[in-house]
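A.B. asks: In case you want the letters, here they are:
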Amino acid sequence: MTNKQSPKKLIEEMKKANAEAKKFLEEIDKKIAELDIKYAQLLVSEDITTLQQARDIILRKAKQK
Amino acid sequence: MKFIAKAERQSSKQEENKFPEAAEREPEISPDIARELKQYDGCLKAGDIRLNSLGRLAREFYEYGNQQDEQQEAKQREISRVKFEDGRKLKDERLLISAQEARRSMAGKGLKVLNFFGLTSSVAKAEIVKSEKEETEDTEDTEDTEDTEYTEDTEDKEQDAETEEKPTKIVSVNIKKLIDENKEIQLSHGENINELAEELGISVEEAAKLNFYRKFERDVDGKIIETLSRDSTEDEQIEAANNLIQQDIDNIGKNLGADLVLKKENLEKNKQSRESAEKLLGRVSEQSRDALRKKMEDEKQTLQNQVDQGQNDLDRELEKYRTPLTIKENELSQMIGEYSNVFGKVKERENFFDNHIKELIDSIAEARKLGFSGDVQNEMIQDYNEQIKQAKVNLAAFKEKRVTLEGKLKTLQDDHREVAQTLQKINNMGKTKEEIRLEEEQKRKNEEPKNGPAEKPKRNEQKPMLGQETESGDGGDDDYTPAERMAHVYSEGWGATESTTAATSPKPKKPKTKQAPVKASEVSRDTGIQKPEKQEKIIWKKVGEWVALFAEHLPKTEKNRLALEKIFSDAKGEYNPGLELPSEDGEKPANGAIIRVRSVLARKDSEYADKIIKKVIESIKE
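Chains A and B are the protein sequences, given in the same order.
Okay, so the first sequence: first residue is 1 according to our numbering, each after it adds one.
Okay, so the second sequence: first residue is 1001 according to our numbering, each after it adds one.
Keep in mind that a hint or two might mislead.
Simulated crosslink set (DSSO-like; lysine-lysine; CA at most 30 Å straight-line) [to be verified]:
#, chain 1, residue 1, chain 2, residue 2
1, B, LYS1410, B, LYS1369
2, A, LYS65, B, LYS1263
3, A, LYS22, B, LYS1410
4, B, LYS1392, A, LYS15
5, A, LYS8, A, LYS22
6, B, LYS1389, B, LYS1358
7, B, LYS1425, B, LYS1615
8, A, LYS61, B, LYS1254
9, B, LYS1045, A, LYS61
10, B, LYS1392, A, LYS9
11, B, LYS1431, B, LYS1294
12, A, LYS61, B, LYS1038
Short derived list, chain B residues pointing at chain A, Cβ under 8 Å [claimed, not checked]:
#, residue
13, ASP1032
14, GLU1036
15, CYS1043
16, LEU1044
17, LEU1244
18, GLU1331
19, GLU1359
20, GLN1387
To be clear about the criterion: a stretch of chain B counts as covered by chain A if any three or more of its residues have a C-beta under 8 Å from a C-beta of chain A, and this derived list gives those stretches [claimed, not checked]:
#, segment
21, 1046 to 1057
22, 1314 to 1327
23, 1340 to 1354
24, 1391 to 1403
Simulated from the structure, these hints should not be mistaken for laboratory data.
Yeah, the Cβ is synthetic: ideal placement off N, Cα and C, and Gly gets one too.
This is chain A alone, in the form it adopts within the complex:
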């Protein structure tokens, strides 16, 4: 933790973090976009499964009639 650190060390850490922040944020954005695509794929796949299952139920009921 940073408590009781010397101002010099604090500023060095801050400079390093500031310098890295932009690239870090870009990487985070990229990862979030990647996960969002995967989540969207999961949702759409799930919708397809749901629709197919419901369609099966309707057909099954139609067969029973």
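Here the structure of chain A is known, so what remains is to put chain B in place on it, guided by the hints.
C.D. replies: Positioned in the frame of chain A, the structure of chain B alone reads:
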């Protein structure tokens, strides 16, 4: 960067042609059911197209991620900026107006909304009961205009003949004839749609795209009932589908589940009767004793057979829901784990900047108090202030990311909880109260050691989770470059599985086994999140092995072989977040592809599909 390129899918038309041997002619169906099936087919096709687009996007994202030149890096950044506030929004793009807005519009105009999200019908309906006076007027109107009565054909012709600038001529409606012929008026263009749009208080474009129908019927008192209906939107269709599935699951529970419970109770009663009878057997002759014992044993066996049969029937019916739900639960857990890892790192950076800013401000104040002066000190303070200014900008950026991720995690956790609850409901079907009680007791016992003090993770080993404060600036990580840090983040931490590690570590190893769908009982009640340590293994096979496995149980035709190869080759981690891309020798995860095979087979016959999948699973177990 490792990334999962979702396989581009064949169009649904092409897929329908796969496995032709599995095709079975659909039974004679009523026009209403045919219309409903048509709507489902439309939505399925739209889903395929959407999945295709996402696959392309994922592939593009991955391809650009591996490029070095500036132009391609720029392209990747552009893709990164695609507004995926939430994956759900992708699904909502297609909606012209939300279902709720449509419902409000309809209700606001004094129309009685009926069956908007019908359990068995996905057709939205509104109803107006016409007054006697209106009925007379309508009837008179129609009598005067019989020569220009409305039919769908004439409407189509008129639409073809007319340009957009020339409005379609007013088509009068012969209500009497429409009632007699049980016909509907399609309100997609012309004056009809203008009137309708005005009636509903929505724009003509919206009304046209929602594809309304108007139908006239007589009720038991002879009054004319006017019903306004429209094809459901995709979201409504999916909601209706979900309701239908829930209803089906409930029915399975009420019938097969309750039946099994009854059979188990009968078996239990029989056991108690046998125990009581056994005490009395000493009083009868040996011959009678043997005969009675044989009779009791036969009774027991009959009841046991009934229980076994009931369990098989229930399992067979539930399996079609249990497997996809278990896979979905597992995938959601992985997604939660991956988002949580990103969340943890963002939160860590946010805390770092927050704390450092405060400490630097204190340092400057202290320096001033001590009366530092001179150029060197001033320069230093100026440097501090510049860094603080920049840090505040970064702090705001990290805070914004953290809030976005919190929202996503909340959605995912809600989804996960819902799936876990449904699975729990399914898993409890056919169990007696005593069985459920014993299972819960066992679960509590299993959880106890985990919650004990000895099992608590060390502080610096705690995994980042939603809303959890993480240590900042604790050394270690801060020496990493961002890329190293990202790799480190994704290979460690809560919810990171073998698969996610393999997918995101700089040098992934090929796992031989993967984590299996996790049972609902292994899901934390508080968070709805599965515990990674409870995960089991799932099977990994090469594409060729999967194809051979399925081919064994399907008609051996070249077409089937090619179809299977296509599905498994295309899988490339489909439905398996966090798995590495296939290598040259092609060892690939395939449970997503298995669902795909089932889905293709089920388009023609779901029972056949289930049978094949069951056979394959049995082969794997062997």
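A.B. asks: Give a verdict on every hint.
C.D. replies: Taking the hints in turn, this is what the structure says about them:
Between the alpha carbons of B/LYS1410 and B/LYS1369 the distance comes to roughly 46 Å, so the proposed pair goes past 30 Å and is violated. For the given pair, A/LYS65 sits about 29 Å from B/LYS1263 by alpha-carbon distance, which is consistent with the 30 Å threshold. Annotation: proposed proximity of A/LYS22 to B/LYS1410 holds, straight-line Cα distance about 26 Å (limit 30 Å). Proposed proximity of B/LYS1392 and A/LYS15 is supported: the alpha carbons are some 12 Å apart, at most 30 Å.
With a C-alpha separation of about 23 Å, the suggested pairing of A/LYS8 with A/LYS22 holds against the 30 Å cut-off. Between B/LYS1389 and B/LYS1358 the CA atoms are separated by roughly 12 Å; this keeps the pair inside 30 Å, and the hint holds. Of the supplied pair hints, the one linking B/LYS1425 and B/LYS1615 holds, its CA atoms being roughly 26 Å apart against a limit of 30 Å. For the hint linking A/LYS61 to B/LYS1254, the alpha-carbon distance of about 17 Å falls within 30 Å, and the restraint holds.
Using a Cα cut-off of 30 Å, the hinted pair B/LYS1045 and A/LYS61 holds, with the two alpha carbons roughly 23 Å apart. Between the alpha carbons of B/LYS1392 and A/LYS9 the distance comes to roughly 19 Å, so the proposed pair stays at or under 30 Å and holds. For the given pair, B/LYS1431 sits about 29 Å from B/LYS1294 by alpha-carbon distance, which is consistent with the 30 Å threshold. Between A/LYS61 and B/LYS1038 the alpha-carbon distance is near 16 Å, which keeps this suggested pair within the 30 Å criterion.
Below 8 Å, beta-carbon pairs count as interface contacts, and B/ASP1032 has none with chain A, the closest being about 10 Å; its hint is therefore violated. Among the interface hints, the one on B/GLU1036 holds; its C-beta lies about 6 Å from the nearest C-beta in chain A, closer than the 8 Å criterion. Annotation: interface hint on B/CYS1043 holds; nearest CB of chain A at approximately 5 Å, less than 8 Å. Checking B/LEU1044 against chain A by beta carbon gives a least distance of about 5 Å; that is within 8 Å, so the hint holds.
Of the supplied interface hints, the one on B/LEU1244 holds, with its beta-carbon coming within about 5 Å of a beta-carbon of chain A, less than 8 Å. A hinted interface residue such as B/GLU1331 counts as satisfied when its beta carbon comes closer than 8 Å to some beta carbon of chain A; here the least separation is about 6 Å, so the hint holds. For B/GLU1359, the suggested interface contact is upheld, since its CB lies about 6 Å from the closest CB of chain A, less than 8 Å. Checking B/GLN1387 against chain A by beta carbon gives a least distance of about 5 Å; that is within 8 Å, so the hint holds.
Coverage of a stretch by a chain is defined here by at least three residues with a beta carbon nearer than 8 Å to that chain's beta carbons; for the segment 1046 to 1057 of chain B and chain A the count is 7, and the condition holds. Figure legend: the segment 1314 to 1327 of chain B, annotated as covered by chain A; annotation consistent (3 residues with Cβ-Cβ distances under 8 Å, at least 3 required). With 6 residues bearing a CB less than 8 Å from a CB of chain A, the segment 1340 to 1354 of chain B meets the requirement of three and the coverage assertion stands. Counting residues of the segment 1391 to 1403 of chain B whose beta carbon lies closer than 8 Å to any beta carbon of chain A gives 5, which reaches the threshold of three, so the coverage claim holds.
Checked against the numbered hints above, the structure breaks hints 1, 13 and satisfies the rest.
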